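Protein chains: 2
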Amino acid sequence: MPATPYLRVDLARLRRNIARVAEFADGAGLALRPHVKTHKTVEIARLQLAAGAVGISVATIGEAETFARNGIGDVFVAYPLWLDDTAAGRLTDLTGDAAVAIGVDSVEGAANAGRLLGATTVEALVEIDCGHHRSGVLPRDAGKVALAAVRTGLQVRGVFTFPGHSYAAGALASAAADEAAALREAAASLREAGVEPHVVSGGSTPSLAHSDPSVLTELRPGVYVFGDAQQWELGAMPPDSLALTCSASVVSHAGGRLVLDAGSKVLGADRPAYASGFGRLPEHPDARIVMLSEHHAVVDLAGASLPPLGSRVDVVPNHVCNAVNLVDTVYAEESGELRPWSVTARGLNS
Amino acid sequence: MPATPYLRVDLARLRRNIARVAEFADGAGLALRPHVKTHKTVEIARLQLAAGAVGISVATIGEAETFARNGIGDVFVAYPLWLDDTAAGRLTDLTGDAAVAIGVDSVEGAANAGRLLGATTVEALVEIDCGHHRSGVLPRDAGKVALAAVRTGLQVRGVFTFPGHSYAAGALASAAADEAAALREAAASLREAGVEPHVVSGGSTPSLAHSDPSVLTELRPGVYVFGDAQQWELGAMPPDSLALTCSASVVSHAGGRLVLDAGSKVLGADRPAYASGFGRLPEHPDARIVMLSEHHAVVDLAGASLPPLGSRVDVVPNHVCNAVNLVDTVYAEESGELRPWSVTARGLNS
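Line order of the protein sequences matches chains A and B. Residue numbering for the first sequence follows the working numbering, beginning at -6 and increasing consecutively. Residue numbering for the second sequence follows the working numbering, beginning at -6 and increasing consecutively.
The reader is advised that the hints may include incorrect statements.
Which copy? The list can't say, so a pair holds if one copy fits it or any two copies do.
Calculated lysine to any residue pairs in the SDA-like style (CA-CA distance at most 20 Å, straight line) [as the list claims (entries may be wrong)]:
#: 1; residue 1: Lys137; residue 2: Thr79
#: 2; residue 1: Lys137; residue 2: Gly249
#: 3; residue 1: Lys137; residue 2: Ala174
#: 4; residue 1: Lys137; residue 2: Phe17
#: 5; residue 1: Lys137; residue 2: Asp279
Because the hints were derived from the structure by calculation, they are not lab data. Small disclaimer: the values here were computed from a predicted structure and weren't measured.
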């Protein structure tokens, strides 16, 4: 057994999560292009492809390179990249290994991308803001951005959005409704500009079940492979589906509380307003991590008796994408055996 | 220039921060044993030793191994380790390279450590809680823990604490006062138990200037080498002393706001209650990062005009220890030249 703290993947649950979402997408007649930023692990991307995914979504060119060079032949950088010569050269090189597409969210960004990539096979999708208010143009301006791309020789595949405002209590269905309305308007805007939106792409793990197949053609959820405490607390995934846990050791009973050796350097420091703490303990559903520092989680056990010093306790991180990005290896468990999987794209922020 | 986002160290500021705290400790007659979890970088530990540090503090055995095997001859694992045979073996092996000490914070932990290490040169310090309420025994119980160690053959070096409750608005001086009172009581408790506390160790970057040299013999600050937005906002370090910034690119002007490519996967997701946002922009002191996701920082510029798409903007992370632990390399800048430094102990959580 590895020394604690380490991240363990329940392979049976992982396979079930992958199958469940693949079947959902298939049943709805939607293509599935999972976001692999969550796991950054080639073995897991292969399981997703084997279950029917049409390709993958990534956030950075470094992630695209890792997966394309490990045999994943269809990669969409779902991010409004601002390209320079180096970045454009890396993307162009990648087209030898994979079908490559990128996001653009402004007329200037599209024109810049077209200038650098217009002579290549790299395609573009226009990002729109459906209510998350992060990046993306307004839906009604999507046609203008598409036109700027087309005019510089860049093939436009369609439109995409991320309904990230689904990450709030009670917002799962309403965020999906916002997503559908915005994508419908954006697709119309492209058609008015004379650009056919072949792909209309959305999806987030919390809003997934509410996705509108009359508007969308593609889903890009990421977190669903593992789930995490955020999905649990949002009601988007039940605790018995969560496939990644941090195995931690009890190091102290200071103050009559449970102190574990899993801190923000293995769980991540995410603590959104709707979260009830810094992570959850599946074996102690009433417990809360009330304090988190780099190598300590202080747990209020809600009156339960303290597990002994030196014993092991599982923790589900709040945000699994950031937890996985802290380790070079996750351990896949099946039938009691642990197999190390390299988090190959860890830390590839550019 | 590396692709953004990357972490850049201002070498002149780093050297000034190292010299300033070394001079402070020297002037107060205190030993300085900086916590290297902040930088995890051998080059920086060497600068600290060259400036007079007596040794280093680390949080994990993996960090201890990295630094001891790179020539740092005096390492204190400032953490209440719960040892098993493997961990004890790793510590024993290390005693060939360095003087090694560990923390204990319970009678059981001390007895367990003594059973496994009593025949080695590894020493112990008793951790006490001075008001942070994380790990550590009550000061009055320190003697009992020391005695449990001594009885199993473990040499006790003294007592230590971390006044982490200094991380709150207006708490810098009061946390240092709590620290002094608790360490005084703990040292007396050891003496009553017949154990001489040769080392009485404390210190945090925010409370450093208020440390009481009539009680303490040693200081263990970590963050002071770089500083971060937390230190800036706590009033512990001025913005012109901050030595680590994330170089980010402007990727979007969506919604009329500044969107940068630096997210929680390079800045960390830390956002304590007293912080005004998810990081700060030194060139725009009134700006705030109002939203942070894995690869986006959305900035409210407080009315300033938007830097152009594709331009570079510096960001100071909230918590520099977690930011550095996300990258394999930091870039040390001097006279306009960038030198890559390996974050050798990155990710070593055990």
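Hints violated by the structure (numbers, ascending): 1, 4, 5
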